[in-house]
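One letter stands for each residue in the lines below.
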Amino acid sequence: MTALRRAASPLVLGGGLFFLYAPIVILVLWSFNDSRLVTVWGGFSLRWYTALFSNAPLMEAAWVSIRIALVSAALATVLGTMAALTLTRHGRFAGRTAFTGMAYAPLVMPEVMIGLALLLLFVGLGVDRGFWTVVIAHTTVSMCFTMVIIRARLAGFDTSLEEAAMDLGATPARAFFLVTAPLIAPSMAAAFLLAFTMSMDDLVIASFVSGPGATTLPMRIYSQVRLGVTPEINAASSVLIALVVVGLAVAFLLMRRRKPALR
Amino acid sequence: MSRRGYRAPGAQRLVRWAPAIWLTLFFAAPFLLVVRLGFSEAATAQPPYRPVIDWSEGLAGVWAALQGLRLDNYALLLSDPLYVASALTSLQYASAATVLLLLVGFPIAHVLARQPEGRRELLLLLVILPFWTSFLIRVYAWIGILKPEGLLNAALLWLGLISSPLQIMNTGVAVMIGLVYSYLPFMVLPLYATLVKMDHSLLEAAQDLGATPARAFRSVTLPLAAPGIAAGALLCFIPMMGEFVIPDLLGGSDTLMIGRTLWSEFFSNRDWPMASAIAVVLLAVLLAPILAWRRLEDRAADGEAGQ
Numbered sequence: 001m002t003a004l005r006r007a008a009s010p011l012v013l014g015g016g017l018f019f020l021y022a023p024i025v026i027l028v029l030w031s032f033n034d035s036r037l038v039t040v041w042g043g044f045s046l047r048w049y050t051a052l053f054s055n056a057p058l059m060e061a062a063w064v065s066i067r068i069a070l071v072s073a074a075l076a077t078v079l080g081t082m083a084a085l086t087l088t089r090h091g092r093f094a095g096r097t098a099f100t101g102m103a104y105a106p107l108v109m110p111e112v113m114i115g116l117a118l119l120l121l122f123v124g125l126g127v128d129r130g131f132w133t134v135v136i137a138h139t140t141v142s143m144c145f146t147m148v149i150i151r152a153r154l155a156g157f158d159t160s161l162e163e164a165a166m167d168l169g170a171t172p173a174r175a176f177f178l179v180t181a182p183l184i185a186p187s188m189a190a191a192f193l194l195a196f197t198m199s200m201d202d203l204v205i206a207s208f209v210s211g212p213g214a215t216t217l218p219m220r221i222y223s224q225v226r227l228g229v230t231p232e233i234n235a236a237s238s239v240l241i242a243l244v245v246v247g248l249a250v251a252f253l254l255m256r257r258r259k260p261a262l263r
Numbered sequence: 001m002s003r004r005g006y007r008a009p010g011a012q013r014l015v016r017w018a019p020a021i022w023l024t025l026f027f028a029a030p031f032l033l034v035v036r037l038g039f040s041e042a043a044t045a046q047p048p049y050r051p052v053i054d055w056s057e058g059l060a061g062v063w064a065a066l067q068g069l070r071l072d073n074y075a076l077l078l079s080d081p082l083y084v085a086s087a088l089t090s091l092q093y094a095s096a097a098t099v100l101l102l103l104v105g106f107p108i109a110h111v112l113a114r115q116p117e118g119r120r121e122l123l124l125l126l127v128i129l130p131f132w133t134s135f136l137i138r139v140y141a142w143i144g145i146l147k148p149e150g151l152l153n154a155a156l157l158w159l160g161l162i163s164s165p166l167q168i169m170n171t172g173v174a175v176m177i178g179l180v181y182s183y184l185p186f187m188v189l190p191l192y193a194t195l196v197k198m199d200h201s202l203l204e205a206a207q208d209l210g211a212t213p214a215r216a217f218r219s220v221t222l223p224l225a226a227p228g229i230a231a232g233a234l235l236c237f238i239p240m241m242g243e244f245v246i247p248d249l250l251g252g253s254d255t256l257m258i259g260r261t262l263w264s265e266f267f268s269n270r271d272w273p274m275a276s277a278i279a280v281v282l283l284a285v286l287l288a289p290i291l292a293w294r295r296l297e298d299r300a301a302d303g304e305a306g307q
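Those protein sequences? They're chains S and D, same order as listed.
Mapping to full-length UniProt numbering: the first sequence position 187 is 187, numbers consecutive.
Mapping to full-length UniProt numbering: the second sequence position 129 is 129, numbers consecutive.
FYI, nobody ran anything at the bench for these hints, they're computed from the structure.
The model shown is predicted, which means the values in this text are computed figures rather than measured ones.
Which chain D residues face chain S? A few, computed with CB under 8 Å, are given here:
#1 L37
#2 L123
#3 T133
#4 I137
#5 W142
#6 W263
#7 A279
#8 L283
#9 I290
Backbone N, C-alpha and C fix where the C-beta goes; we use that ideal spot for every residue, glycine too.
When you get a sec, could you build the whole thing from the sequences and use the hints?
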């Protein structure tokens with residue numbers, strides 16, 4: 001029984017990780033395949049990458065997505081930090097239940113509903129849809145994720161440092177920027193990264209609230225993917241995966257280097 | 001901390017009100033519009049629905065618009081088998097996928113929680129990592145694997161297990177694979193969070209008292225993991241009910257989930273009121289699970305603060 005168990009745990013872990021990673025690894029391998037067919041290895045080739053970088057509409061969409069992701073991630077990090085501070089530091093206040101409800105519901109709300117609701121708001125207000133409507137939509141969803149990340153950090157946090165700063169005469173704002181912010185900076189960075197990748201990744205909400213001239217990368221990819229597997233999209237996917245891996249590795253190293261200083 | 005003589009100065013008021021105002025304006029208010037539009041009718045106009053509130057007429061305009069509201073969309077939702085079927089399909093797939101996710105996710109979380117501390121964090125990171133890469137891309141990757149001339153069929157043919165390619169792509173099986181694959185990190189995380197906090201001496205005590213491992217698992221581990229199981233199940237079930245990308249890319253005509261129906265009402269038929277009516281029904285169905293999930297999360301947060 002115990003021997004069986006001992007054999008089972010690497011099997012479970014290995015199987016789980018294989019299931020999670022195999023499709024991603026296969027996709028990256030395919031992007032270097034000279035053949036169009038997924039089952040035939042036509043030799044190593046970079047031709048899909050050259051095709052990708054000369055695909056003007058795709059490149060343009062990527063640039064739109066990057067700009068939207070930068071702005072919305074910055075907004076979401078600020079708003080998420082504010083929401084997290086409100087929930088962890090302000091104790092019980094009138095409307096707290098309503099506020100937490102609003103702050104958490106977007107985490108699970110199906111995207112089609114958020115997209116439709118925001119579209120109706122923009123149409124009702126007579127706003128032209130485009131870059132900024134997508135920014136607002138992405139900020140709304142990702143601020144909830146940033147709030148969760150930053151709230152977790154603030155919850156396990158020694159408030160006596162803030163109190164000491166304020167006892168010494170610092171205003172709450174000053175205490176935040178001098179004491180709290182440096183301590184929660186790693187989680188704010190993580191929150192920003194998550195908000196950025198979520199914005200870069202969103203297809204459904206952007207499809208509803210975007211307008212002419214603001215076609216995002218996922219929207220462009222989706223319209224090509226619907227026609228089947230194309231090697232060019234494999235290459236685009238691999239570039240995106242590489243960016244995420246590099247970004248996370250940098251974030252991981254930064255957080256590791258800062259840790260000893262914190263203790 | 002700031003509870004003593006709380007007089008919020010400007011900066012603090014901003015911190016407190018900015019997120020609340022943002023969420024009210026861009027999350028809560030739009031849903032009221034969805035509800036209202038669900039009672040309107042489609043029109044070939046810009047915007048493509050009627051009635052439109054005529055603000056220039058003041059209250060009379062609002063009143064006129066209110067009188068124009070109809071229940072037709074909901075009557076159609078109930079009478080047209082397409083809508084009922086797609087709602088049932090969603091429920092079926094979301095429930096089945098939740099059960100499958102528990103069956104796949106629980107052993108992973110269980111093994112993870114029992115790893116030595118240093119390795120545990122690294123392995124957990126590896127489980128979460130795919131969540132950071134594009135959802136769309138990960139779903140797309142399965143097309144190349146599952147399609148008739150794809151990798152899986154090629155492997156099975158080569159192994160001699162099948163003699164002709166299986167039709168997996170565009171079926172319910174492909175949708176299930178896509179759902180389980182995409183939501184696995186969401187299931188493993190809450191399960192892991194409760195399992196890692198579990199006191200192992202309780203298990204040992206149960207076994208010392210003569211319980212078999214299976215029995216100890218049933219009467220110690222499972223009850224202790226129950227909040228994590230519920231949280232993981234809800235965290236996956238709720239968004240899966242309205243899933244669009246997975247049934248659209250991997251499914252076929254018979255896997256018409258409700259999110260896809262809403263999408264096609266909106267984009268193909270340009271029937272915004274009908275799409276809104278579907279959203280209202282979906283919201284009504286999901287309200288109870290969302291509230292249940294919120295209560296669980298609140299209790300978990302309170303527990304953490306109390307420690």
